[in-house]
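Now that you have both chains on their own, put them together as the hints suggest.
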Amino acid sequence: MDVSELKQIVDIFIHESDEAISQFEHCFLALEREGPSDVLLDKIFRTAHNLKGSSAALGFSEIAEFTHHFESFLLSLKKKEIPVTAHVVSLLLEGRDFISDHIDSLRAGRKSHEKGDRLVQAMAREKEPKPVAQAIELSRPPTAGDIWFVGEGLKAELFELPEPTAKATEPEVAPIDPKMLAIHAEIFRLTQLAAAVNLTTVQTASALAEIASDNPSHEQEWSLEGVQKILDAQPQNEIAEIPNEIAEIPQLPSEPEPIETNTENTPTEAIITDILPQTPMQTQSDESVRVNLARIDKLRDYVGELVILQSVLDEHKAVFTSPLLQKSVARMSKIIREVQELSMGLRMVKLKPVFRKLQRIVHDTSEALNKDVHATYIGEETEIDKTVLDKIGDPLVHLVRNALDHGLETIEERVATGKPAQGKISINAFQQSRAIVIEVKDDGRGLDSGRIREKAIERGLMTVLDQFSEEKIRSFIFHPGFSTKAVVTDLSGRGIGLDAVSSNVQSMQGRIEIESAVGQGTTFRILLPLTVAVVDGFIVKLGEERYIVPKAQVAETLRPQEVDVNLAQGRSQLLNLRGMTVPLFHLATLLQKNSHLVEAKTTFEGIALVVMENSKNPFAVIVDDVLSQQQVVIKKLGRELQGLAGLSGAAILGDGNPAVILDLAELIEAQRKGSFGRPSGKVA
Amino acid sequence: MQLNDRFLAFTVAGEQYAVALTSLREVIGKSEITGVPFTPNYMRGILNLRGQVISVIDLRSRFGLPPADSTAEMSTLILESNGDLLGVCVDSVDFVLHLQPDQLESPPALSNNALSKFADAVARIDRQFIVVLGSEKLFSFEESVVTGVGSPSTAVA
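Heads up: the sequence lines are chains A and B, in that order.
Residue numbering for the first sequence follows my numbering, starting at 1 and increasing by one per position.
Residue numbering for the second sequence follows my numbering, starting at 685 and increasing by one per position.
You may find that some hints are simply not true.
Stated by the list, open to error - Heads up, simulated DSS-like pairs for lysine-lysine below, C-alpha to C-alpha not over 27 Å straight-line:
hint, chain 1, residue 1, chain 2, residue 2
1, A, Lys-371, A, Lys-441
2, A, Lys-541, B, Lys-714
3, A, Lys-350, A, Lys-424
4, A, Lys-334, A, Lys-298
5, A, Lys-636, B, Lys-821
6, A, Lys-357, A, Lys-78
7, A, Lys-593, B, Lys-714
8, A, Lys-43, A, Lys-115
9, A, Lys-334, A, Lys-391
10, B, Lys-801, A, Lys-298
11, A, Lys-424, A, Lys-352
12, A, Lys-636, B, Lys-714
The set of hints was computed from the structure by calculation and includes no laboratory data.
All of these numbers come straight from a predicted model, not from anything done at the bench.
Only chain B is shown next, with the shape it has when bound in the complex (with noise of 0.2 Å):
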């Protein structure tokens, strides 16, 4: 069995999601994240991994989607894309799928519009769909997050 044919499932809002193990990093546990001045709300923060300081995003404000509850399952993913880290925060880490190439279709087009920019690939798994996510494009933000001094968009609660 390859690597690059293992997927680690996860999800975000009652929802299955997949990213390849070959992107993966780590998963930790739910951690102390630092919030910034000046990010949009689906920017954590920043935690600490070992002395490296790393991004947080979450992925539900990031799929346009009301932020939730804390809860013990939470996780954070570490990505890892061209040497960068990206902290990504999911409901929960389910389990690692194996999947043949033949079992992968490209993504149609997604009533989200918001997740059909990050979606890679969708799966299809005893008639459930898991939507393989693509590492690169979590790592893709527009142009950067900088809002901006002045800019509405800033909502800390």
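Bound-form chain A, shown alone (with noise of 0.2 Å):
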């Protein structure tokens, strides 16, 4: 195996380890959100099954024996030797997160020797406090010829019942010893497995039960090991026989064997195996392969060449004499459309992983801040852009945490003002026409605008007069420096301001809206495009140069009258637009084309763009044409033209060309500061 290779096997070991570490994540959650069920445990069990095995396989050995110690611990939480409780998940929380430091260090190419020793001493800890004798309740002492069943609820029922004796229906006066009950629950285990198997095994076990429940005074000799022993004699090849039966029990235990162990020669091992792909828990992950983004993308710009082929065949298909050329481009356009269509779709992914990380900041935040949260998550199917999941966590995860910390109040404060003490937070995601949202809601203390506002005053970003509607006050909490702390509560704030949320949500071309009730709770909704790969844009001319704007920006596209048009102090140029004035930017101006330079009148050859900007600070620009309007795939620009303030990308045109991305807020900005004091039009 050359070096390509291995480190090929190794990267798909870790793409199969972050799957499990994130399967582990939800699991745990969801163990503590909802209890234990077989269901849960079995996949959890099975999760680190794997691991174990992959990660022996490649001999990353600290992974390899953590895992078995992980697995014995999942082990007894599934054999219910251990109750499920907050401090469990939040061992098998750090069990997770030291298996994820792991796999982290392999991706940057070291191996950690890191072993946990710590971790797994605290999980031998759960283990010691006799969990076994108060886990399995027997209904009377057990007596020759009985066989037990562990059923619901950890009662041991009898299987069989023999004939009742006097000794059966005496009061037991001596305590059991917790070892012998061990023992005991062992043989149970045994039994349920061995009832499946068959008879011969279950005489074995019981056999078993009767030499324990007759002797107790000899436990000493008796160990597991000892019960093992007896169970080797049995011949073999009986265990083996009968392996369909087995796959009926809906609970199959398995001891974790040692890693060393070779596991496809352990017959009940290829039964686990066999049974895998036919528990729902298998059937419910999606038939996928998984494909290297820069690829898809690849994909797409040959796929968008091809399309700018396919019109230019299109256009001179008159030329064609032959009717079959002439029908096949037709129908090849066809194809092509579709293929292009699907190329697009395949940048879209699933919510889910952002969903499991903000579940995990729910549990570590409100245990941290000591409140009592309930919290329930909606639309994690939801499918979004590739490139913006990415983006999205951030602020997410900001978001969440400001609910939990900021939003909703402490356990006395809330019962102080009568609401229930669990704080309630949801987090939902879902598509509404060409847009994803995702909401975060609290139903905690609320914004208080009237403080916002003294604020916003306080630092200038509005004076008293101002008569601002309800939304943009509180749009302010989103204003760089604007302290949360002094606004929405006490507590001190954690790290970023809303400021980087709102930039990154911009970023992606997206926005915030807020929506909040005092004593009531807060909701905030970020809105963002299906997909950042493709934009609805209007083709501008100016000169013999082109340039796109994003349909989204524009309100209206309107040809200006000169009665429409004013000058101020003789050079800003103003628009009238229905009574309302909004100032108007030449893009040459803009652009500083200084061989464009427009003189300020008020007689236009050219077409307006009116942009609302959330209709805050409306504005229009104008162009010398606009010449079409189609949806374009955003290319990104090289490093060396990225940050170039009002140009956000590029695309390739109808003709083959390129042309550049407007952001014609961001032109504005620019176009403020920048030339500060300047005349406009004319930039030095």
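Laid out in structure tokens, this is it:
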């Protein structure tokens, strides 16, 4: 095996582990939320088991050893030897973090030698306080001939009641030795298994039970190994022969076998592997292939080219005299359009990973803040552009923390105001026409717009005379440096501010809405475009050049009449728009086309694009012409061209030439800052 | 013969230069380039390379030389560095050179400051000097090419 092959295998391992880790997290949190269930524990156990196998196979002994202990711990949970408490869930989460750290090191090309001894010990401690004795209840002391089953609620039930004897009805006086009970429990477990395998083994097991119950004084001689020995004495083929019934047992206990064991040769293991694909958890995961995003983008690039070539062919198909050729071109157009649509969809991924991260954040943060929080998550299946998915995590984490920390009151405060002690937070994602909406909703104290207003006046963001809408006032909390601490709560903030959230969302061409009522809660609503890869744009002309203006930025286009345009102080142009006066800029000025200097005047050849910019600061921009309106695929500009204010990317137009995509609001902003004090329309 | 011994020789403003073939992705003929606002004049703009948008610089202006009239021989070299692509406009593409390491000398202080920033080595061939340009050096821009609004360097003719 050469190095690249090995690397590929390690890469696959890392990918698989990532999935396992996120699976863990999801399941652990579900465990805490919904309580333990067989399905859930089976799923966790299986995930840990697979991880152990693959890490051992690749020689990552630290991970393998740790997952071995982890698996044993999980098995104890599965066998209900350890009750699932909040502490146990925290331990599990820590275990997940430990594995995740190892994988991160691998990803960075290092191999961590951290063994996680502390965690292993912590997990072992959970097992110590005689959980078995407490975990399994017996309706009566076991007697010879009994076959016990551990059923629902950890109650051991008799499989086959022997004739009632006087001994059985006698009240039990002597306390049951926990160690003996442990042996019994093990026997019951084996009995359960044995019952499904064949009767001989059942009899062996009940024989064991007999010996165990009849000789309480000899308990020293008994150990699980001893039990195993008796079982081993049974002919192996009897166990291996009847695997079909085993599949019908819903919960198949399996001892974590040592790492060195070749799992393929153990019949039980083979059976488990056989069952796996039939279990519901497995069938749920859809069939998919992991593809590098760069390859998808490349595919999209080529498909884009194909579309352009196709349109050239379409335009010139009149020259083809052969009807067959014409027909073929027409059919090809159709297919290429479908391929294009498909290739666009390839970038769409589910929100699930972000939701899982949020569940963890809610768990950790509410614990740290000592708040009782009930969280609901809806819409993790919602699909979103991969690029957006990668960027939306941080803003959402911030909003969720914000809601938990600043939004929700403390338990005492809630009780004092007559609210239920448990706070509610819900995170919802859904598609609404051409946008993806993600809401972070809490039932906390709400935003006090009065105080925000005071603060805004204090900071000079508005004057006492300004009559702003509630919405506009609330939006001040996104202002850089606007201290939420003084406005919303007395708790200290956590790192980055809401302004970072806002700019982050804006960079994805999205926006944020806030809904809030004092005392009732706050909803932050992030609206994102369905995909950032495609934009609906106006192709505008300026001299011989073409630019693209995203349609979403433009409220309307119009041809200004002379009467509509006024000059302010002889140079700034103002456009009268149905009674509203908005500043008017010429695109050439904004783009600093010195050759294209436009004097301030009231007559124009050209079309004005009116930008409402969330109806706050509307303005209009004059271009020579609007050539067309079309969907274009956004291409990133090279690294050397990034960060240019007002240019958000490029796209390839129908004739194969690229054009720059403009952000008009950003251009205006740059112009305001850059040419301050200079006559507008003439930039040095 | 190893690939990294070979270089592509080309002409800019009457002088011969070379780049290592290992950093050369391809050479394309004259193609349509779209100008980008707010960039210094050596940044010719962007072009479409089979669906990918690539920035193109003009070597003459990059070396601080006046622009030339467009000719049929003008070509664009597509250079690759760490996965990034950059188009470089040259006056003509000449030939492929084979240079042994001992034929390469470290570049002397060149009179042209702008040029010496990009030179990796100098090769002497029959009394003639060929400046070997460092591909990565062509990719490095003064921070970024952003000149910002209001800065005087935008002179789009």
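Each hint, compared with the structure:
no., hint, result
1, A:Lys-371 <-> A:Lys-441, "holds (16 Å)"
2, A:Lys-541 <-> B:Lys-714, "holds (24 Å)"
3, A:Lys-350 <-> A:Lys-424, "holds (24 Å)"
4, A:Lys-334 <-> A:Lys-298, "holds (21 Å)"
5, A:Lys-636 <-> B:Lys-821, "holds (22 Å)"
6, A:Lys-357 <-> A:Lys-78, "holds (25 Å)"
7, A:Lys-593 <-> B:Lys-714, "holds (25 Å)"
8, A:Lys-43 <-> A:Lys-115, "holds (25 Å)"
9, A:Lys-334 <-> A:Lys-391, "violated (34 Å)"
10, B:Lys-801 <-> A:Lys-298, "violated (33 Å)"
11, A:Lys-424 <-> A:Lys-352, "holds (21 Å)"
12, A:Lys-636 <-> B:Lys-714, "holds (23 Å)"
Of the numbered hints listed earlier, those contradicted by the structure are 9, 10.
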